[in-house]
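Add chains C, Y and W to chain L, keeping to what the hints say.
The primary structure of each chain is shown beneath.
4 protein chains.
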Amino acid sequence: MGMKQFHTTFTKAIVLICYIVQAQFHSQAQNIARQELNFPDIPGFVTLKCDFHTHTVFSDGAVWPSVRITEAWRDGLDAICISDHIEYQPHHKDVNTDHNRSYELALPAAQRMGILLIRGAEITRSMPPGHFNALFIKDASLLAKDDFMEAIQAAAEQGAFIQWNHPCWDAQQPDTVRWFEEHTRLLAKGYLHGIEVINETQYCPEAQRWAVEKNLTITGNSDIHDPIDLFYHSQHIKRPVTLVFAREKTEASLKDALFERRTLVVSGDVYYGDSALLATLVSSSLKASPVMVYGQKEAFITLTNRSPVPLHLQFSNNEISLSPSDLVIPPGTTARLQLNGYANLPAGKLIAVPVHILNAFTLPETSLKYVLKLTLNP
Amino acid sequence: MGMKQFHTTFTKAIVLICYIVQAQFHSQAQNIARQELNFPDIPGFVTLKCDFHTHTVFSDGAVWPSVRITEAWRDGLDAICISDHIEYQPHHKDVNTDHNRSYELALPAAQRMGILLIRGAEITRSMPPGHFNALFIKDASLLAKDDFMEAIQAAAEQGAFIQWNHPCWDAQQPDTVRWFEEHTRLLAKGYLHGIEVINETQYCPEAQRWAVEKNLTITGNSDIHDPIDLFYHSQHIKRPVTLVFAREKTEASLKDALFERRTLVVSGDVYYGDSALLATLVSSSLKASPVMVYGQKEAFITLTNRSPVPLHLQFSNNEISLSPSDLVIPPGTTARLQLNGYANLPAGKLIAVPVHILNAFTLPETSLKYVLKLTLNP
Amino acid sequence: MGMKQFHTTFTKAIVLICYIVQAQFHSQAQNIARQELNFPDIPGFVTLKCDFHTHTVFSDGAVWPSVRITEAWRDGLDAICISDHIEYQPHHKDVNTDHNRSYELALPAAQRMGILLIRGAEITRSMPPGHFNALFIKDASLLAKDDFMEAIQAAAEQGAFIQWNHPCWDAQQPDTVRWFEEHTRLLAKGYLHGIEVINETQYCPEAQRWAVEKNLTITGNSDIHDPIDLFYHSQHIKRPVTLVFAREKTEASLKDALFERRTLVVSGDVYYGDSALLATLVSSSLKASPVMVYGQKEAFITLTNRSPVPLHLQFSNNEISLSPSDLVIPPGTTARLQLNGYANLPAGKLIAVPVHILNAFTLPETSLKYVLKLTLNP
Amino acid sequence: MGMKQFHTTFTKAIVLICYIVQAQFHSQAQNIARQELNFPDIPGFVTLKCDFHTHTVFSDGAVWPSVRITEAWRDGLDAICISDHIEYQPHHKDVNTDHNRSYELALPAAQRMGILLIRGAEITRSMPPGHFNALFIKDASLLAKDDFMEAIQAAAEQGAFIQWNHPCWDAQQPDTVRWFEEHTRLLAKGYLHGIEVINETQYCPEAQRWAVEKNLTITGNSDIHDPIDLFYHSQHIKRPVTLVFAREKTEASLKDALFERRTLVVSGDVYYGDSALLATLVSSSLKASPVMVYGQKEAFITLTNRSPVPLHLQFSNNEISLSPSDLVIPPGTTARLQLNGYANLPAGKLIAVPVHILNAFTLPETSLKYVLKLTLNP
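Protein chains in written order, with the numbering used here: chain L, 1 to 378; chain C, 1 to 378; chain Y, 1 to 378; chain W, 1 to 378.
Just chain L, same shape as in the assembly (with noise of 0.2 Å):
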């Protein structure tokens, strides 16, 4: 039968029956599709997506342990650390208050999503010194010291890779953005290695500019106490991510990443981090055509963005200079420039542009200098 009698014959009725089907269907569909964060890699090196902060009931969080491996298994990430506070238990009345057991209810469900998860914790103190994760740790239950540079020694002594927290935070520097002399001491002893540039939403340039002059590694995170959608999916607001660059996907690599400072952090559509690695990265991400000179005058290339973030490039226009010279690239997509200026340039010549990526930061008030690499088409 054609489409024709088909169509004649039993539309009303097979309309209803097409509704209750797609609505049958969509009840089988309950396997979650996990949405690929295509960041490319770099040579050399893994792309782990991942969340180095995150809360459960098992501390002040509003979900079950196993909520937050969905959760990111379906935001395409890699890794996640659950550091549910040591100190703050407000659940305490109705829920186990072993530091432990967060972890070992998720276990599973990392293992069944192929998401590693790293066992951590959130030492939890007023300023200063602050909020610290430990990530790598053996056992949460010994980090519940009264004294603060215990709980911080019971951490290192597991192996842990420790990370000041929020150090922007308005609850804790209402007025100013300080580094301490407890962080001196902390760094003096070996028991700082990170520091989060963005938490939650929130950009903190001090610790963009404390990470660069002491060495630290940057990560951003989510801190998310609610479902994660509440928070960031559901207005626009893009969950952060801690980019890092491992030699392969497992909790080994991971953690000599993050020790080795491998890190670059993504948020609200911005890239902060070291310039090398920011560069390599752009590198790997935007994809120049050869220069296609069309006619006698005019000549364009073309410009792919094959990362998940869009990319804001703005031309310092000298003896090439491209048009337009200010422009976002968005995921997924290819830009059209004109270029100017290269008349005289023998074919195959390889020419070096320096762009701005203005939603590159690598110190708080400097966007990435990047060389945009072009030949000419034979």
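Careful: at least some of the hints might be erroneous.
It does not matter which identical chain is used: a pair holds within one copy or between any two.
[What the hints assert, rightly or not] Below, computed lysine-lysine pairings styled on BS3-like, alpha-carbon distance capped at 30 Å:
hint	residue 1	residue 2
1	Lys297	Lys93
2	Lys255	Lys349
3	Lys138	Lys297
4	Lys297	Lys238
5	Lys214	Lys189
6	Lys287	Lys238
7	Lys297	Lys249
8	Lys145	Lys93
9	Lys93	Lys138
10	Lys287	Lys249
Derived by calculation from the structure, the hints in this document are not laboratory data.
Then chains C, Y and W, alone, in the frame of chain L:
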């Protein structure tokens, strides 16, 4: 200073600052917006948007009770019931097993957000008789009885509205969907008032038929265990809603309306329910312009859909024919239709055009017959 | 047959058919939906959504005139002007050069769709004096004069509303944005009535200042040459709209309203215009609940944004403070704010809370000061 | 200066400026982004995304020819044909009737944007024989013949690829869909090479059957007359695409591929075409992980969809069963499936799992049978 100078001098610095301002701003905007679900009211009643079947960590759910309130606020609902299982508490090693606890923990949030929180519980037995929600109870712990009928009776004695949940559920009715003698007994005793026509995304046609035959109130509920967005919004599956037509937005009015069977169900862009109620809601949702005659030959009307659900219309063209004869009008949009056969009608005359609303089911295989009233522009 | 049997027996065949039905259905649904732009009316006036500057293939545009009508219908507009250039007709080798032709070709579609089509033309000169739209003319061909002032006069004699287009346009004002003596002369003769504060997506702050100083009507227009979606919607750039507050939806009322300066402009989620008109529109858009007191300590209000543009509020907290003090309320959503300092206020008392609407500009560097009126719930 | 001080001092002024910067920025960004349509290449061929049936103002379309090029660039296409009607030029009073003119006007834009522009025309007759596109012609004016067969012959003599357009079109085949003797004659003479299986959004099952029986190349085309977004994107209807598997991206390779029948059609998230080609494309699109065994009982795999079209899989569970057995994998996402029955398989062994791809039609009522190859992780 004009934009011209402003732009020339400051662009790069300002763009950097604006990226940060934007990020910074978001970090203040933790205030969750309520997405209004603008179903129109109908004459004499306000339209309450409700979900009578949800779970928390206090039974087999994965969120803290207050999350259900925030989700309801965000999703534009007016009333919800947390219906944790009486007989199934898989987190009992880690979480308090008091059957009233989830209600108590959610209540302050409900009051702060203006959500009507119905105290309820799910009596959870194998089939027959299956699972039943008791709504508007006073003390959930009294429902913890070994004998099913005693549990139901304990609910009924508290004035509960009792609904049979998911009668089509595969796990309980794998081969056929049966009404058992236990259900007849419940009905006879006055212990059965409602039935789920939609559970999650699954439509149960038998439930819709039984509701008509046995005078039961229909509901459609999320039965959500995970955070709502892990199942419903992230995959473009809409949360089902029970529309309750109540005299006012109070718990007492809501209860009256449920016992008086003034409900409709919306799921997957399909309406289910009584044809008179459906026609009344469509009448409040669909606004027709007068017939506008253009030139000597052409006439048209516009139809605006003021509800948040698409309306799928199919005209049976008789004397008056409309074109297109089959169309979907998305929410918040207006369609334009050509009209033929109006020629000899006097100005001001009311024209009654029959139309099927294909996505409104009054019975499993029956779409709503509606009469569109048009007037000829003078 | 219940879904169960239905599902077991027919699934694959039905899924195939439903894919085809869905496709088939779409092929009937060529009826274009009008996306309603629900700006509220204000007391005494209907709010007409307008675009007074568009082009077609009859000057340097790229679409047939009827396309501008379909686009206007689809985009929720009430009135447009096709303002093809008098002096610039680059398609003259292939297309008729009659200056009235685009209007004539678009008119039948406008009548069929209920769009008010304003006959107009763009008088197109180098700066000074630049480009000018003449709206509400009777015969565009009379504007084809060598002498600029004669062309303007020919428009004025037809009762035209004359606006200066894009005074900030780089190509005509590369270094500064000047008001020339030609403009003074036009104004003196009564030949200048309006000015574009927004052209495409470009805001011209000088134009907004001059409008206030010289009693000009402000407009904001697309100046679209390509199909509207190639520029405006595909890149998340919203089409600018001139809101005209007219006594009724007729060309005569629209013309009166323009001469009487009852316009506001919306572009890029920012409002521009007179503070009294802006305050009236905000008052119709923003619905505050009464102050709801919860327990003995807490009070809150909700604010619902019924307009299609986000409202960005910033409270200056004095006696009464609201939290968050800085928030954006997206269209169709409700925000919830905590209220402090209300304690000693008697029930029913009206509270006046000052607030800045940050995305409403009354002058280039000035945001609208608005007073939010709250009542304490009895 | 840290964000703290920055924020306290400057917020309101900065927010105002950022609103303007954002608007200003957009006004520079008139550069249209190309949304890449990432269909994977297949071994030996590049996958070209094509539309072989479009119109302009030079026949009964509503856009200037260059618009079709910009739209194609924006929509991620590689090649298009402007196929204006030879016999139907309703704008002839206003527009040049030269049959080659639309090609000539579009060509410079095509070259600048790297779009392959195929010279073509639509020979437009009543049924039988209906409408035919001639692609790759040299001079369209030679096709203006009274006699149909002479027109086709004039195309064939230019080496044209000739396709029968929309054989199912209601206006031409109101009651049945017939293959007429005229079509047999064309085929016999070697004058018929292709057939539209999709025109606009309409699927023609007869065309798909005839293509198989008579060795015709299938295509699916927009047949767009309006601006593309007025019909296709604004109502969530996707533009149909003909996928052509060519040796390289040149007009010659494209032509070879069409004559050699290396095409598939995608419309409304459904694939149509030859089962071997479809299987090859699915194989390039769907990436399966190795089987991962977790604990002693559970195993799972992940499937990633790297194409821009959802894949709807239905497993027939035999020895090896996968759950869910029926699922849709949206573009750019990964699904996770449980695996049963793998227990006795040796590590490294290749497992072949049969699966139906429900949204890939090899014949009107036949979905693609595909074999998913899995390996057991060592």
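Quiz item: Which numbered hints does this structure break?
Solution: 2, 4
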